[in-house]
Structure formats: structure tokens, C-alpha cells
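Undergrad: What follows is the residue order along each chain.
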Amino acid sequence: MKKIEAIIKPFKLDDVKEGLSGLGVKGLTVSEVRGFGRQRGHKEIYRGAEYQVDFVSKIKIEVVMEQNLVPEAIKVIAENARTGQIGDGKIFIYPVEEVIRIRTGETGEAAI
Amino acid sequence: MSSFASARLESSKEQLVSLFSEGDISETFPQSYTELVDRYFRSFLEESETGHRLFRGKNPFALVAVGGYGRKELCLNSDIDILILFKSRLPSTAKKLAEELFYPLWDMGMDLGYGVRSIRDCIRLAADDFEVLTSLMDARFVGGDSPLFLSLVESVQDKIIKKKAGALKIWFEAKNKGRMDIFGDASYMLEPNLKEGIGGLRDYHQILWLSKAFFKIRTPRDLEFAGILSHKEYEALKEQLNFIWLARNRLHHLSGRKNDRLAFEYQEEIAKELGYRNKRGFLGVEQFLGDLHACMGAIKSLRRSFINTQLPGNRMKSRILPFPFPKGIHISQGELEFDSATAIIKNPMLLLEIFEQAGALLFPLSMEAKRLAREFRYLVDESFINSRDAAISFGSLLENRYASHALDQLFETNLLEAFIPEFAPVKDRVQFDAYHTYPVGRHLLEAVKNLKELPRRKELLLLEIYSNLPDKEALILAALLHDIGKTGKDHSSRGAALAARILNRMGYPKKKVKMVSSLIRNHLLLAETATRRDLNDEKIIVDCAAMIGDVETLKMLYLLTWADSNATGPRAWNDWVANLVEELFFKVLHVLEKGELANPDNARRLRRKQSQIAGLMSEEIPESRLKNYFELMPPRYLLDSGAADISRHLEAVLELEKRFKTEGGNAFSFSVKKEGTEGFWQITLMAADRPGLFSDFSGILALNNINIFSSCVYTWRNGIAVDIFRTGNLPDPLHIEDTWERVQRDLKMSLEGNLSIRKRLAKKASPSLLSVSKVPSRAPQVSVDNNSSDFFTIIEVFADDKPGVLFQLSRVLYELGLDIRVARIATKADQIADIFYVLDMEGQKVDEENDLAKIKETLLSMLEKSIETPARS
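Protein chains in written order, with this note's numbering: chain A, 1 to 112; chain B, 1 to 873.
Only chain B is shown next, with the shape it has when bound in the complex:
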């Protein structure tokens, strides 16, 4: 008896499932499965003795399918919701009936949602619990006493729905908020919940239930027949639902149980089963997820429009419009409408202008308006896209405070990609990793939204920067287009080029196009540098600053980085990353405002110089190796020195590196060059850097009576000190060679540690031939600046020029435990102006206030002492 029916059900289901696995009947699975179950119940009714007895005893009952089973939407492992309905009183054999009916199903491992109730029970429960109500609204007669079923339907309609339709709608709205809170979260977007998620099956169910409640439709088909959805909308909805059911069935099948959450572990397999294949640069699973997101997005917006605009009781009060409104559009009950289809044909610009108004006023488009917009999308043709009016309209759309609101609707109606065709290939692109939450299209809109909503957020520094941007438009455009190049590798430069094309087409001024393009090209720069490079390295910061070029661009890049990362996923932006990027921002800002690149031309000069040097050195060094050497040169060195000089130095450094290997670490390089005709010379000294080296060099020159006029000191990152001295007139112009020889001899001894410069200088009694006459001395000045540079402590000294003063200064610095990394020494008339960039022995800026004060004191007292004891060379 029942065992026959259940045996048949079991084998039919098995057959169905195996057909499903082979991909045969996947699209009609829900219906086929429902029919199988219906057949089981009907067979049961024919065969059940208990059932027959109840009928004979004037206790008729009906078998009613409710919930998903009622809707004929059974998936592989769905619950079967069945109701045994009696008229008023439950007879004593009802329990036996239920057991007979249900046990076989349980034995088969199916999940049942069941009830044995009277009509009155149902009404009572449904009045209090909308979950029960909606389940009953899906009731479908399976077998038994049909008048009973009709009676139930009538009672539900008259006793509950009539009174509570409005409450039901409000209940849904509250639930949707709750769903948004839970399922709008990043992790849920990566593993979408096909039923409860945003745009999932529940959204469709809500449309059905509310239509049943307010418009008394009976079947889904009625949605079209009753005019709630257009034919196209209905067909589209059916397709989207079929796709989701398909995915859901595959998910049930793979996971072996009732399951709505499309977890990572299933995504690739399902994509494969559905026939998605990897293409170049676009994985099968990414295509699948893209399509799924597109479906769910469409269903979400359909539900939203439906609830907001189709149902009574939700009208917003009309506002008085403060400015002239474009002809062809009007506002009706809080929504934007086209006057008519003809209005659109007469003036296709309305297709953009209505969205412009949506952003300006924060009104939604009505469902009808969205429908019309989609229908007339073909009017957005090439001349439309290239027209000035369209560009102006789009521009003001972006400018509005509620631009995101407008963009969302523009995106939903597929008009955005009509107006900017470059959007089409990337908008549904999903990146299959646990990092990117949204498909690219959605992500770009979220980035814009982040910027527009900045005033409402807690990021005070960013808000401060944003509020004071002179050109917010460039930033918004960059946010909107920054990933448009994501059709393949290297999306930053591709995106920059695409954006330039788009913006030129729209007629934006060249300067703005260039700015947006460069923002897009560099949109990953700050985040990558901050997390992957050493922010304590001046070179890294200066390189970054050189690429960015100026303060305005830096600020916009910072904001773009934040907007982009925040719209990517929870791992892309958090306090940890924010910390690093903020640090980088400030360091680059300082370099651009006060430091080496404060002059915007410098970045360009740097680049030009490097290519000049490449040209000069092309014979001797391959370009790749040359690049490595550029990395070694301090930024200030590259800026200060000419290309020819740098080439010469580079040759000398290469030479010196070889000699380190043959002669050891004390090798040095000494070269001289005559400057001009007045007997001035340029001496270039190179050696392995160590603390005190510069001091020794200047001491040796002083020992040999060579007056140092100016000097530049640099430490290359390979540890070679490059010290360039310019001298005044030499003491013995006739025997220059001898002088140079003596100097080199002293250098050799000093580097080997065999020369005490201090002692020798002390012994020098006789004043040099160049001893200057006593001029009135001014008070020496020393300033110790720990703020201007993030990387060095800067010491500036102004004092009278005296032979040997440079040695003394640098000697004091050495004794204070400071390492001179860069220095600029200059003489003006009788005064020296020296600036030293120093680090302590640990390679850090000087830390303590006391130490800073001590430096100043010690230098001052040394300088003041030497005033009192003149002419000590």
C-alpha cells in the first residue's frame, strides 16, 4: 500500500536525480520533482484505509502543499511542506493518518515541514505569525476534499489578508533591513546565500506574496497578466530565477543536503558543471559568479522598485522644486517619470537627465520609468555618446551630492554601459579570491559612494583633505573609472588609457583628463608602497614622491586609495593598512612640500637627467645595471649634480669598487679638475664611508693649506662616500702636482689609521700664506632642526670662515656620535653656511631633546672659542 507508493517515489526520485546529475533536465527539475511528490501523495490517498475511513465517517480532509512545495519550487534537498487540513475538529485517527503519510517519507531521508490542522487553527496561527501566513499564501491543493481547500483560501483572504496587507508589507521592509545587515556584509557577498541573500529567492517571494496580498494574483504568470511586470520583465525574471534554481540544485547535489550558501568549496565545481570554461584571463568560476551576481542584482532591484513604487501607501510627499525642471520629465508621488515614450523619442537626452534629477533630488525612478529607460536604450547611440549635452548632463550628475543614488539606477537599467560602452566588459567581472567582494562594476560604484559619503564617516583626516580639494571632479571620475581596465593584466595603465579615451570623448579639458589618467595609472601606488616597502628609507619616499609629482595629486591619490580599498573588501582596508598608508602619505607630503621635491620641476629634472646619463654611459654599462646604480644615489645628489659629473663619478665608483677587491677597504679615489681660469679647483674624493671620514678629508685639506670654498658630501647607498670640494686659490700654484701628491699620501695614511690629523693641525704654528686679515667677527649661529626631514636631523651652521673650521665642525659632530650622510658647505664672503644631514650611530634621527640641545651647545661653544683664539689653522 503506502509502501508501494513510497517505493515508487523513492525510485522515481533516484531516477530524477541521476538525470539531473547528467545535466539533462536541470531547468525543469523543480516542476518534475514536485510532480513526483504530488503523485506520491495522491497514490497515498487512493490507497490509505485510514484515509478512506475518515471520509466515510464524514471527516473529510485535504492535502495541501504549502511553502516552497506549494510554489512548485522544490530543489533536490528542499523541505516538503505539507498540510493535512480538516474542517473544524481534529478526529482521533488524524495522528495515525499523519504517521502513515509521513513515516515513509522520513524513512527515505526527506525533510518534512508538516502540520495537521483545522481551518480555524490555520487562521489563528497565521494571524499572529507572518511566517505561517506567507506559507499559507502559497497553498496549493494536492488531493482530498477540495471545498475544504477553497474554504481555507477564502478564510485566509477575508480574515487576514484584507486587514493585514499593509502590516505584511511593513514586516517585509523590516526583514529586508535585517537581511541587509546580515547578508550585505562582505563575507556573505563572497559566498552568496541564494535564498536569503540580497537579490536571492526571498526577494522574488516577497514580490509574489505582496502581489497576492494587494493584487490578488494567483500564479506567478499573473504578475505579467495583471500588469505588475511587463512581458520583458517577466521573461527576464524567469530566466534569472531558473539560473538561481539551477545553481541551488547543483549546490544541494554537491553538498548532499539542504543548503543555500554558495560556499567557496563548491563554486568552482558548480561552475564547471554548468558548463563554464576558463578563458584567457577569465576563470570559469569568475564568469559563473559574475552571471550570478548579475541575476541577483536584477532581482534585488526589481523587488526594491516593486515595493517602493507599485504598492499603495508608500508615496513621498511632493516637494516644491526650487529650480526649473527639464521638459519631458515630471514627478509623480515621489518618483520620477517620463512624460511619455514620445517625449523620450523627441528628446533622447531625457534618458540621462532623468537620472541627473534622481541624483539631485534623491527621488527614485518609478518602475515604469526604469522600464522605459531600458526599452529606449537603443537611443543612446554613437552620436548621443559623443554629444556635448550628454557630457554636461553626466558631469552634473556626478557633481550632485546624491550622485551614487543616480549612478546605482543608471547602472541597474544598463544605461551606464550604454553611455560608457567601456563599462560593459568589466561590469560583472568577478575576481575569484577571498579579497574582492564585489564584481568590478559594483566595486567602482561603491568607490564613488565612499567618497560621496565621506562627510558622514569618521575618517577625519580624509574628510579634511577632501573638503579642501580644488578639483573633486577629477577624483570622482578617477574613482568611477579606475578599474575599467580590468579586462586583463596590468589594469592600471590600460585603465588610464581607456579613461583618457572616455573623457576626451566627453570633452573634458586636457588638464583634467591628464590628471584623471595619472590618478588611475598610480591608483595602486600608495597601498603597495606602504605595505611592501621600507618607509624609513628616504629613497623609497622620494621615488614615490617623484612619481606622484605634486601635493594635489598626492592628496587625491590618498583619497582614491582609501575609496578603492574600502570598496574592495574587509581585508583591503583596516586599521593596520590605514596606519601604513597614512604614514606614507605624510612622508611623501613632507618631501613634496618642504623637501627635495618641493619644486615640482625637480621630478621632471630627475627623470631627464637619468636619461641623459644613460646616454652618456651607454657604452660602459648596460641599462639594467645602470638602473641599479641610480638606486644607490641619494636623491639630493641626483638633483644637485649635473649629468656629466654624475657620469664621471659613476665611472670612478665602478673603478673604486674594483680596487676594493684588489687593494682592500682602504682604497680611495682622488681626482682633481681645474675650474675656470682663476685657479679654483674641484677635488672629488671617494672612499668607503665610515663615521668621521668627512672630518678627516677636510682636515687633510686644511693640513695642506687648501682653503675649502664649498663642498658637497653624499653617501651612496653602497656605502661609498662621494665628497666634492671646491677650493679657493692654492698656496703654491706653481707646484700643484706636489700638493696633490702630498694630499694623497696623507689620505692613504689617514685611511690606514696612521695619521692623527688633530695633532698635526695643532703643531702647525705658522699661519698659511692665505691667512685672512682679522675682520670683525659676527656671532656664530647654530640651528638643529629635527622636523623638516623625516629621515635626517639637519644641522645648520653660520660662522666666520677660518681655515680649518670645517674640520673642527665635522670633528665635533663625529665626537658627538653623529654620522654625516649629506652635507652642503658654502662660503659667502667671509661667512660659512654649512648644512649637515646627520644620523646617529644607529642610523636614526637624533631622538632625545637633550641630545639635540647638546649638539647645538657643543658646536656653538667650539665656534665661540675659536673666535677668541684666532688663526689656528
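Chain A with its partners taken away, still in its complex shape:
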């Protein structure tokens, strides 16, 4: 089992979500995050005062799935999240040791 973590532009959330559900991915977690990569924040000057914004607002999607779905999922996420401009984001893949469903106690892939 793997966990996919993707940082994407906020307005791409719906597209990515649609794409993943088309794959049969059953659940995901979404958080509002801020950060920077090569796309830095910017500095604005308004009436002589500086307003510096260092962190850019992004959406983080986390989803756990069976190993064999991962390559498709990556493709779907990347295609839907891409604009071709700096700041499109990144995808990270992690191994998952165990998954437990709290309500029933199921473990492993059945719990995903």
C-alpha cells in the first residue's frame, strides 16, 4: 500500500478529485496549506508600504491506495493539476505500513 501526497494549485482541486474518483479511489484527505518552492511569494508596494507574502496558498491531497493503482493515480493527478506554469506543485509517494479501520478493526487493503 502506498500513500500519495500531492501539493496542487487550489483551483485544480475539483479536477483532480474528479479524476481520482474516475479511477475508483474511494477516499481522500484535503488540507489547506501554505508553502513555497520555486514559485516564491511576492512583495507588493501599496501607498508606500510593503506587503510581503512569503507563502503561497496551495491544497494538499493525501490518499492511500493499493500499490497497483499508484501509477495511474500519479498520471491522473499530474494531468489534471498541470497548467504548465511554475507553481503547479509536486507529488510524493510514501510506503504505508498498516491501515486500520477504526469502526470495525479491519486491517490492510480491506481497510482502505
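No lab work stands behind these hints: they were computed from the structure. Only a predicted model underlies this, so the values are computations on that prediction, with no experimental measurement involved. Warning: the hint list may mix true and false statements.
Subject to a maximum C-alpha distance of 30 angstroms in a straight line, what follows is the list of computed BS3-like cross-link-like pairs (lysine-lysine) [said to hold, decoys possible]:
#1 B:856 - A:43
#2 B:489 - B:514
#3 A:60 - B:539
#4 B:539 - A:43
#5 A:43 - B:845
#6 A:75 - B:845
#7 B:845 - A:60
#8 B:458 - A:60
#9 A:90 - B:845
#10 B:627 - A:17
#11 B:195 - B:162
#12 A:43 - B:458
#13 B:854 - A:43
#14 A:75 - B:661
#15 B:279 - B:300
#16 B:232 - B:175
#17 A:90 - B:763
#18 A:2 - A:60
#19 B:658 - A:17
#20 A:17 - B:458
#21 B:764 - B:828
#22 B:673 - B:658
#23 B:594 - A:43
#24 A:17 - A:3
Got chain A; can you put chain B on it based on the hints?
TA: Using the frame of chain A, we list chain B on its own:
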């Protein structure tokens, strides 16, 4: 014995509960349940051997109900607070008595709050702990030795309350602050706590306790009899309390335990049980919550007024009033009062003016004044609403620094909806999601409050913008009315229309009405665009700017967005959203200040042009598809080109798209049009855009000795480059067709990659027939501007005009890895003035300082070199 009594209690309670479930006796449940429990205790007294022995042994005791049980307010799973009271010393069998009394109740699963105490114990505990004191203040005799009970009551009164009434009040005020901190929070408003929450049962209890302490009332009914509450107020309070107890009992029933927090999971079910049904656009649960909020709001304000104005010791020092005060109102001990009811009848405007003063001076209305205001609400009739005086008064109310203070009271006394009837249908409207904290009425007032309190907050940029607004009034009005259309779908436009009606009625100038209306219509625009659209897309920003129209409106919209979102709930505004909206604000600001729409007419021209084109193209393209094509056209293109030209281009683009399918990606479109009578031509070239395309086009024209006089270059968003060239006189005016044919042939070869323009230009030795005579050259100028546009790096070039110079310039840009998206080429006399909007190969503005410098250097050195080697076409 006791088992009989307890068995009977158990079965009676079961019966009561099942009657309750069927909805039968819900309103009288607290009383009925209390009576059942009383009966149990009394039976116990009759039957208990231990009890009898104590009495015989001259150790009388009393059973005293305290707390909620004392108040006869038992809900399904409430604690039963009972006290076994002895005179002075606790006998040894007291413990056995207590066990006999309480075990059966515990066995039944009831929760007890119990004590076995002497009178002295009680006094001692209550003197130190106000929780105990208030519990004892609710003491009620259930059975046993009644003189003992009376003795307790007297002692509590003489030994504690007499001395500590004031301290008790202060203790409540501190507790209320604490409650405000905890329960005023957004999450608690979504799942109200019926007891401890703001406007919950505790507020009513405080009124009771303080009235008992200061005015020696005995029962709740005394609140009316002692004149603390009017008859109407008392009746209203009873209704509100009954509603809350009803909801609380349902909650106990559903959750199966003592519970005061109306969690989400129970809200819908309770609403259904109480008989609320879904109506069109208004869920049952939303109606229920609306009613609940209204009740709790009323109780809250009653408690507040009561503590602030009815109790001694809280008077504010009278201030010297700096300005003339309206007749009919006066200030008494820090509160605003009407002179008399007659004064109101004589001058109904007082009904508004008193609130105006409340906002100006930050004084509250006294309870009596609020009462009178409610009583005389009927005077706010149609002529009042339409009157000029009322409008002026309301206007100055809003202008005041403490306008929110005034609005709150205006809202509480239901006068706001009397004066603005459009408020009535929406004020208690609740939106059932985890997003909206307040009902609509409250939300609108909070939005206004946010703006008024801006000086005290940390949002420096917003404060900066707000302080410099020329027309704050329009913004405040928009904040006050922005959700007034929430009676159904599409509340933004509905609200805009309603607001216009309201403000016209109040006689506001047309311009202001229009502004407020447009602010309301667009009040969701910034937040939605910022979170759902690509802010790096120039088109999105320009479209947004076109809808907003000018800088003043943008600033107000930004402030309104903040005030609205901040008054919605914690998920609506946080750093994450603020970041995005701020970015959008600045980008739109730049477009409106320096960019394409810096001229305010442009937005209107754009819209007009689009409808003209729709008219011209109506035969060929359905309107929906046409809309898609407008999306593809760069803003600058739409502004620069005429409607007829755009229509022609659109036809050509449609044609070209078809040919891409049949001929492949190298298809191009070439059309010429004669301009005027002097032999000037307009050439329109279209092809699939790629870096270097423009350079190739200009090179081919130069190869064919066509002097380019001016040029406009646009890249449509479907990837088609639309390049428009205006030429000077042609070299061979008699054989124009041949020229065009040669050009097209060269174009075809070049697009297929079979033409090296540079080499061919280099080979051209002979000067063209149009070679200009050598004029003194001026130094070329190049400026690279990375600030004026959020989307492009802008390169401006001024240099001598020479054949082929355009090719060379664009070629250099291509070699530097820059993609020309938009360009404007012009010639004035012998000088060229070219402006290129470029992006790097990643589709971004040029990033690095070094790269910017390099562009400038390279262009300059190229231009300077060509001065030294003249006439190289």
C-alpha cells in the same frame, strides 16, 4: 416500602417518557416530572422507618429540592438535586437515611446531586462558594419539617444575601465574560449549548437569582408582579424558555443522557420531532435553528438589559453632551430614555433618533426604553419608512463610530425590520452547514461591525484601504444589506435589486444606489475567483477587472469580501484564503491602474464590442460557441481591434482550424486587404504559434521587400498566432499578385522548416528600391520592464527604422529563449517604437535580474551594430 415508592416512580417515569416521545405533554414535562419525583420523596417519608425514628428522637429533618429540581425545571435526564437538611448536628443514622433514600434512585439510573447537611453547614459552604449559594437560592420544600426549611431560607437571606448581593452580581459578570469567551466561539454557535451558551438557560437563571437577591422575589411569576418585567416580556420569556426546554428534552431523549449541547447529529431529528417541515429552499432544520437562535438572542438581550439597567450600582457617570440633544429623549444614569410614551406618539421619529444617539454616545437604551420602542413599533408605518427624516436619521446612525452598538439594539427591539421590512424574512434564516455560523440577520450586523472595528484590528492593508475610501457609506450600506436576498437562489442579484429598492425609498442619490447595488451583486466575486480560478491567467484577471470596472469599486469589494467572510465562520476567512484574495486584489488593481483597463471606458467598450460581434456572426456561429471563442481572445486584442475585423479574423480562425485537421499543423492563413488609396496594405497572417514564428513572418516580408509600417501580434489561447501587418508602399505595385504568391510560397516553406530566412537575407546584396537615404541616426533605446504587468515581461525598443530591423529584433528575442505573445510595432517618421510582451520558454515572466539585463544588452548591441553596417536588408 421504599421499593414500592421507587417502583412506582420508575413506572410513572417510563409512562411519562413514552407520552413525551409521542409528543403529548412535552410542554409541561418539566413540571410533571418534578411532581413525580416529589411524590416519590413524600412517599418515602411516609414509609421510612429510619425517618420516623429520627423524628421521634427529636432529630427532625427536611427534604429540600435545590438547583434545577428546586426550580421545577427537570428535563429527562437532568440531575436531581436534593438536600437532607438537619438543624444543627448530623445524627448517626443520617447516613442510613440517605442510603435508603438514594440507592433506589441510583439503581434506577438517575443522577443525583445530594447533600446531608445542617443549616450551619449550608451557610458556611454558601458563603464561600456562589455555586452552592445559587443552588440554595432555588431551595424548595418537598417534605419533612417545614420550619427547618424556613429557617434555612431566612439564614441564607440574612447571613449571606444581604451582604453579598453585590458580590454575586460581579461574580455573574465575570462568569458571563468567561461564557462569552468559550461559547461565543464559532463552533459553539453552530452547535449551541442550551444551558451555558449565550442566551441559554443560565441567562434566565441569572435574572431569577439576581431578582431573588435584590428584589426578594420568590417565584418566576414574581418577575412580572414585582414590575421587573412587563406582562408582555414575561409571556415572551415563558414562551422562549418553553421552546428551549422542549428542545433540551428532545436532546436528552435522543442522546439518552444528560446533554446540553445541540450537536449536528441531533439537529435534524429534533427539528422533525418538533414538527418542522422542509419548505421550498428552507430546510426544516434551518427553520428550527432559526427559531432557536431567535429565542436565545432574546433571552441574551433580556439578561443584558436586566443586569445593566435594573440592578443598582451600575450607573455610568453622566457625560456633558457637546451638541444639542433631540427633544423627547433624555439620559438617565447612563441610559437613554424616552421622556414619555406621549413624546413618542407626538414624534415617532424618536423611535429612530434614540438609536442614533445610542450609536453616537455608546449609551444603551434602558429596559424601559426598549420596552416602549417595542410597544410603539406600529408607528413605524409606511409613511415613516418613506420619510426623508427617517432616512437622514438612519444615515447618521450608520455613520457613527459606534453604529454597530446602535444596530444591535435596533435589531433586538425588532425595529430594524420595522424600518426595513425586507429584513424580516431573512433575519433568522440559518444555513445548515458547518460553514455559516450566524443566522443571516446577525451575520449582516457582524459584517458591519467588522468594518467599524477595523481600526482596532491587525489587518494593516485593509485598514489602509478603508481609511482612504472617499465613500465609506456605500460600503457600510453594502455590508448591511448584502445578504438580504437570501430568501432563495441567486441571492447576489436578488439582493442587489432589493437593496436598490430600499435605498431609493430612503432617497439616496442614484450614484450611490448604483454603487451599493453593484457591490452586492459582485460580493462573492473576489472570493470565488481567488479560490477557484487560475490567478496566473491574464484573461481571468482582466475579466474580473472588467466586471469590477474601476479602482474604487475594487477596493470596496475587497473590504466587503473580508467583512463578509470574517462574519461567516472560521472556515470562510483564514490566512489561506486571505493570501489568495490579496493576490487577486493586487493583480486586478494593477490591471485597473496601469494595464489594459486603466481607462474605465474600456470595460464598457469590451462588452459593447462583444455584442456587436455577436450580431455580425449570428448566422455562422451559435452564441454559446461564440462565447467560447471570446474566451480565447487576448484582452489586448479585443480592445485594439474593431468588431468587423474581429469577425473577419474569427471566420479565418474557424477556417484554419478545419485546415489543421486536413492539412496538418503547418497550415496557415494569409489574407490581404488594401487600405486607403495610397497603396498601403493590411496583411493578416495566422498559423499555429510557436517560438520564432513572428520573427519568421517578419523576415519573409523583409525578404520580399515589403516594408513593415506597423504590426500587431496576438496569440489566441487556442495556440493560433494572429499577426497583422500594415505595410508601406509595395516595391512592385503593378504585380501585386505575384508578390503575394511569392510571400505565400516562402511562408509555406518556412513553416515546413525548409527555409533559412537568415541566410537568404544575408545573401540579398542589392538594396531594395525603397532603401532609405541615410539620415542621421539617433542612439537606440531598449527598456525591459518586469513590473508593469503581472503576466508578461515588457520590452520596449526605440531605434532607427531599417528594412529588416523587425526581423532582427524578433530573431534576437527568439534566440534569447523568449516567446512573443503580444506585440505592437509602430513607426513614426524614421523611428520604430516596438513593444513586445514576452514570456520565457516555461511560460513565465523572465525571472532573474541577470537575464533581464542580458536581454537589454543583446538587443542594444544588435541595434548599435546595424547602425555601423547600413543598408543590410
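Undergrad: Are the Cα atoms of residue 279 of chain B and residue 300 of chain B separated by 30 angstroms or less?
TA: holds, 29 angstroms
Undergrad: Could you grab the alpha-carbon distance between residue 2 of chain A and residue 60 of chain A and see if it respects the 30 angstroms cut-off?
TA: holds, 16 angstroms
Undergrad: Going straight from one Cα to the other, do residue 854 of chain B and residue 43 of chain A come out at no more than 30 angstroms?
TA: holds, 24 angstroms
Undergrad: Hint check: residue 43 of chain A vs residue 845 of chain B, CA-CA at most 30 angstroms. Holds or violated?
TA: Holds, at about 16 angstroms.
Undergrad: Within 30 angstroms, alpha carbon to alpha carbon, are residue 539 of chain B and residue 43 of chain A?
TA: Given pair residue 539 of chain B, residue 43 of chain A holds - Cα atoms ~22 angstroms apart, limit 30 angstroms.
Undergrad: Given the hint that residue 43 of chain A pairs with residue 458 of chain B, does the C-alpha gap stay at or below 30 angstroms?
TA: holds, 19 angstroms
Undergrad: Given the hint that residue 195 of chain B pairs with residue 162 of chain B, test it: the Cα-Cα distance must not exceed 30 angstroms.
TA: Roughly 28 angstroms separates the two Cα atoms, so the pair holds.
Undergrad: Holds or violated: are the alpha carbons of residue 658 of chain B and residue 17 of chain A at most 30 angstroms from each other?
TA: violated, 34 angstroms
Undergrad: Is the hinted pair residue 60 of chain A and residue 539 of chain B satisfied, with a Cα-Cα distance of at most 30 angstroms?
TA: holds, 26 angstroms
Undergrad: Hey, residue 673 of chain B versus residue 658 of chain B, does the alpha-carbon distance stay inside 30 angstroms?
TA: Status holds; Cα separation ~23 angstroms.
Undergrad: When you check the alpha-carbon spacing of residue 75 of chain A and residue 845 of chain B, does it fall within 30 angstroms?
TA: holds, 28 angstroms
Undergrad: Sort out whether residue 43 of chain A lies within 30 angstroms of residue 594 of chain B, counting only the CA atoms.
TA: Holds. Residue 594 of chain B to residue 43 of chain A sits at ~18 angstroms (cutoff 30 angstroms).
Hints 17, 19 and 20 from the earlier list are contradicted by this structure; the remaining hints agree with it.
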